[in-house]
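Let's have the full structure, built from the sequences with the hints guiding it.
Protein chains in written order, with this note's numbering: chain A, 1 to 524; chain B, 1001 to 1419.
The hints are simulated quantities; they were obtained by calculation from the structure and are not laboratory data. Among the hints, a few may not be true.
Straight-line distance between alpha carbons at most 27 Å, and here's what the computed DSSO-like set of lysine-lysine pairs gives [as the list claims (entries may be wrong)]:
| id | chain 1 | residue 1 | chain 2 | residue 2 |
| --- | --- | --- | --- | --- |
| 1 | A | Lys352 | A | Lys241 |
| 2 | A | Lys275 | B | Lys1108 |
| 3 | A | Lys352 | A | Lys426 |
| 4 | A | Lys292 | B | Lys1315 |
| 5 | B | Lys1110 | A | Lys275 |
| 6 | A | Lys322 | B | Lys1300 |
| 7 | A | Lys73 | A | Lys28 |
| 8 | B | Lys1300 | A | Lys292 |
| 9 | A | Lys28 | A | Lys137 |
| 10 | B | Lys1316 | B | Lys1368 |
| 11 | A | Lys275 | B | Lys1300 |
| 12 | B | Lys1317 | A | Lys275 |
| 13 | A | Lys275 | B | Lys1316 |
| 14 | A | Lys275 | B | Lys1315 |
| 15 | A | Lys320 | B | Lys1300 |
| 16 | A | Lys320 | B | Lys1317 |
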Amino acid sequence: MTSSDLNWDAIVIGGGHNGLVAAATLAKSGRKVLLLEAGNEVGGAARTEEFAPGFRVSAVAHLLNRLHPDVVKTLELERHGLTVERGDLVPSVALSKDGPLTLHGAYGEVLTGASPSEQSAWKELRAQLLRYAGILKPFLARRPPDLGGLSLAEMTGLGQTALALKKLGKEDMRDFLRVLLMNVYDLLDEQLSDNRLKGLLAFDATLGSHLGPRSPTSLLGLYYRLAGEIGGLAGAQMQPKGGMGAVVAAIRAAAEKAGVSIRPASPVARVIVEKGRAVGVVTQSGETLRAKTVVSAINPATTILDLVGPREVDTGFVRKVKNIRMKGDAAKLHLALDRPPQFAGVDAAGHKGRLVIALSPDHVERAFNPSKYGEFSPEPVMEITLPSLADPSLAPSGACVLSAVVQYAPYALREGWTTGKPKFLKAIMGALETYAPGIGASVRHAELLTPADIEARYRMPGGHWHHGELQADQMLISRPVSGWSGYDTPLEGLFLAGAGSHPGGGISGAPGLNAARRIIAMRA
Amino acid sequence: MAQATRKKLVETEVDTALDARTAAQSHFRTLRLGTPFQPRIDALGLKQDWYSWAGYRAPHSLWDEELEYFAIRSQAALFDISPMTKYRIEGPDAEAYLDRVTLRDVTKLKPGRVHYTAWCDDEGFVLDDGTLFRLSPTRFRLCSQERHLPWLLDSAVGYEVSVEEETEAVAGLALQGPTSFAILRDAGFAGVERLKVFDLAEFAHDGATVTISRTGFTGDLGYELFVPADKALSLWDRLMAAGELRGIRAIGYTALNRARLEAGLIVANADFTTSEHAIRTDRLRMPDEIGLGFMIDPAKGHFNGRRAILEARAKKKLRHVLVGLEIEGNIPAEHAIVYYRKSQEVGLVSAAMWSPMAKRNIALASLKRPYGDTIVDDLWVEIYAMRELQYQKLMKKAKVVQRPFIKLDRRTANPPSDF
Chain A
1 MTSSDLNWDA IVIGGGHNGL VAAATLAKSG RKVLLLEAGN EVGGAARTEE FAPGFRVSAV
61 AHLLNRLHPD VVKTLELERH GLTVERGDLV PSVALSKDGP LTLHGAYGEV LTGASPSEQS
121 AWKELRAQLL RYAGILKPFL ARRPPDLGGL SLAEMTGLGQ TALALKKLGK EDMRDFLRVL
181 LMNVYDLLDE QLSDNRLKGL LAFDATLGSH LGPRSPTSLL GLYYRLAGEI GGLAGAQMQP
241 KGGMGAVVAA IRAAAEKAGV SIRPASPVAR VIVEKGRAVG VVTQSGETLR AKTVVSAINP
301 ATTILDLVGP REVDTGFVRK VKNIRMKGDA AKLHLALDRP PQFAGVDAAG HKGRLVIALS
361 PDHVERAFNP SKYGEFSPEP VMEITLPSLA DPSLAPSGAC VLSAVVQYAP YALREGWTTG
421 KPKFLKAIMG ALETYAPGIG ASVRHAELLT PADIEARYRM PGGHWHHGEL QADQMLISRP
481 VSGWSGYDTP LEGLFLAGAG SHPGGGISGA PGLNAARRII AMRA
Chain B
1001 MAQATRKKLV ETEVDTALDA RTAAQSHFRT LRLGTPFQPR IDALGLKQDW YSWAGYRAPH
1061 SLWDEELEYF AIRSQAALFD ISPMTKYRIE GPDAEAYLDR VTLRDVTKLK PGRVHYTAWC
1121 DDEGFVLDDG TLFRLSPTRF RLCSQERHLP WLLDSAVGYE VSVEEETEAV AGLALQGPTS
1181 FAILRDAGFA GVERLKVFDL AEFAHDGATV TISRTGFTGD LGYELFVPAD KALSLWDRLM
1241 AAGELRGIRA IGYTALNRAR LEAGLIVANA DFTTSEHAIR TDRLRMPDEI GLGFMIDPAK
1301 GHFNGRRAIL EARAKKKLRH VLVGLEIEGN IPAEHAIVYY RKSQEVGLVS AAMWSPMAKR
1361 NIALASLKRP YGDTIVDDLW VEIYAMRELQ YQKLMKKAKV VQRPFIKLDR RTANPPSDF
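If you want it as structure tokens, here you go:
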């Protein structure tokens, strides 16, 4: 009996980490689940891939900082090979010609390289940021509130948030509301004075979005980052051994254990709709597969406009889906190096951490400016990791892998990426050379993935790793579109479970988990 | 010297630019546009009683409301429908596109036919109603009250279809009344006798083509004619000449509005508020709430609003109903409040008149369900009749009756009668 003879309870489209989480969670509830992955390998943008002979790297996401604890628990990922130990947590280093500044532990439990007054200012700001991010945190693991008809559970959830706000005390609550939609630049100016620290925070707040630190609401990005946790520590980060692919392997193992049938190299051509209900899919090879529930863990716009087709949904909905902003503004750089680079003034532990080039909030803002007009940053900001230092299996002996997220690199570069890419690479290498002299001469191979490349390679429209800008107007009850934020769609039996849905991107598994929980609650 | 010359040149350039801008701004001098028929209508508009129909200067009445109405019922009335919004929709996917945009099954509308339809937003609320003309297998004309180009264009995503507004390019006339067929025949439109109700065909006119359909808004024998704007006046003259001995008269909207009420037809933004205009949430209407439920075909392919409409039906969320009322006495109950047991407000009359044809006091009213739906007894309307600067309040019994209020055999008779 082949899988096409079966009638599945659920078909999950897309084997990115959210698709795997959704499939595994549904299978654990007793459903017969088939997962269809277009590529030859599951994992999506969380794969570990070889980019030069003997050099492997986490494809797009290279730091684990928000894998949701409910995902770890529900799927028993620790039993399937995912380990997180306190010692795995890595620091963040703000590079500077004046010497580096380092945030140790979980997002700067200890700050070194700064003046004593800055250290105490940071201590206070860090506590405040985590306190405020903590208010928003419970929203991550829940369906956004359904304004049309709040269920008792949703009411209780909102009530708890109100209570948490109240617990802040009057002054803190006022301040929480004051700063919520603020830009990160002004907030940093209020509380800090060290440009290196402010630059790092400004970078983190705007990482992965089309915002500069001075853009209104840019602080939300920092809250989103700090609402994540690893090993129970808010704001912590690690580089998984074996790259991000190892995390995916654990989720995949959990899915297979739960009985999910995984079929790679099976791109879906369309979703079958009968009388307003999704009843299955047709693969690009022409196979028809039917199921009670279809879960799409790929991009929401691709799902609706390409797989379902505008003809099966209403005009207003098509309008909303077409209006989702998802033009990526970040590039990914992979370098195969003859030897580990030496970043000036950075210790061994720092080299195993996250190295950030963002000299000041102004540097980030100036890097952002050209991207508004379709140009890349001539002086880009970036976060760099050297994953092979902690996991030598990723590079040939003695050699080193460098993985960096570089901003800003607008998806629609005005001059086009064909001619723009070599120029951008040159600008990036120039910046790297400043902080790690001699690095250029040790490059054996360089791979720069622009948003256009990321789009093509990872089937992410716009090359946007959140599958939709993560800004206030595309968050929570407005994600992926207003009116349809609860993982369901206007088509009965069709659900969305990818990063394009609430809460958003990053290796969290939260959209996948929330979607599966929604389906289970609906008994769909 | 050189400098002076250059300065002068710059000044001239500025003047030219300013002139061009001023010329382009003159639209405000024409507060209401004229239609292609305006020279003829202006000449007949003895009452100078104009209103704005979609930005065009249209007559309420040209010479006498009463006689204009009786022209529709006893002779032939010529009414300028050029301001009606018209869209040309064309392409291999035009049928599928319109089937998704509008409520009724367009796959059942044959080329050479017209149907009355409506369209809804995602929530199932009516955006507008109108008529859809199928000019060929791949070409349609959609006529409506409101403008919808952004909606229609956004709806075209995923279809091979072009949507173009042709309101200005195409002039329209309604020729309605018992002698309308005879006039067209005498005007030389050979073969017009073959048109059955809701048929359309093309005829030669003045080196161009006129599309004549046996349609109208009066419940009477009648036709609608669409012609390129530059052939409008010659068409008008051709009809007027042929109709002279058959009592053809130009009319205004007041007369037409009476005829349409007798025919039980509704008018957008008069009998219901279109969803893009409604500000208050309880003013929105689903098709079932304004008597258009018959258009909904759950068996056809997906159409805008389907999910919401079927859900409202299943969950009994329909809150209003549009009914025809027959009211005792002969005082028109225009905009009267409808009561249950003379005390409980249950709705409002949106159009009312003493019908000379039905010899009944008729009205259209929007009621809150279950009134008008399952509870139809003991309904009353409160009419405020102005009597020499004092309102006389009349509480009159109202009976829910079938629409249309009048049914004229000549409307559908084949071949059409020669009066």
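Taking 27 Å as the top limit, are the C-alpha atoms of Lys1110/B and Lys275/A close enough?
-> Answer holds: Lys1110/B to Lys275/A is near 24 Å, not above 27 Å.
Assess, step by step, whether the Cα of Lys1317/B is no farther than 27 Å from the Cα of Lys275/A, and give holds or violated.
-> holds (21 Å)
Keeping to a limit of 27 Å between CA atoms, is the pair of Lys322/A and Lys1300/B held or broken?
-> holds (26 Å)
Taking only the CA atoms, is the gap from Lys275/A to Lys1316/B under or equal to 27 Å?
-> holds (20 Å)
Verify the proposed pairing of Lys275/A with Lys1315/B, using a straight-line Cα cut of 27 Å.
-> holds (18 Å)
Is Lys1300/B close enough to Lys292/A, meaning Cα to Cα at most 27 Å?
-> holds (22 Å)
Is the hinted pair Lys73/A and Lys28/A satisfied, with a Cα-Cα distance of at most 27 Å?
-> holds (13 Å)
Does Lys241/A lie within 27 Å of Lys352/A when you go C-alpha to C-alpha?
-> holds (12 Å)
Assess, step by step, whether the Cα of Lys275/A is no farther than 27 Å from the Cα of Lys1108/B, and give holds or violated.
-> Answer holds: Lys275/A to Lys1108/B is near 19 Å, not above 27 Å.
Does Lys1368/B lie within 27 Å of Lys1316/B when you go C-alpha to C-alpha?
-> The hint holds at about 13 Å.
Taking only the CA atoms, is the gap from Lys352/A to Lys426/A under or equal to 27 Å?
-> holds (25 Å)
Below or equal to 27 Å on CA atoms is what counts here, so check Lys275/A against Lys1300/B.
-> holds (9 Å)
No hint from the list above goes unmet by this structure.
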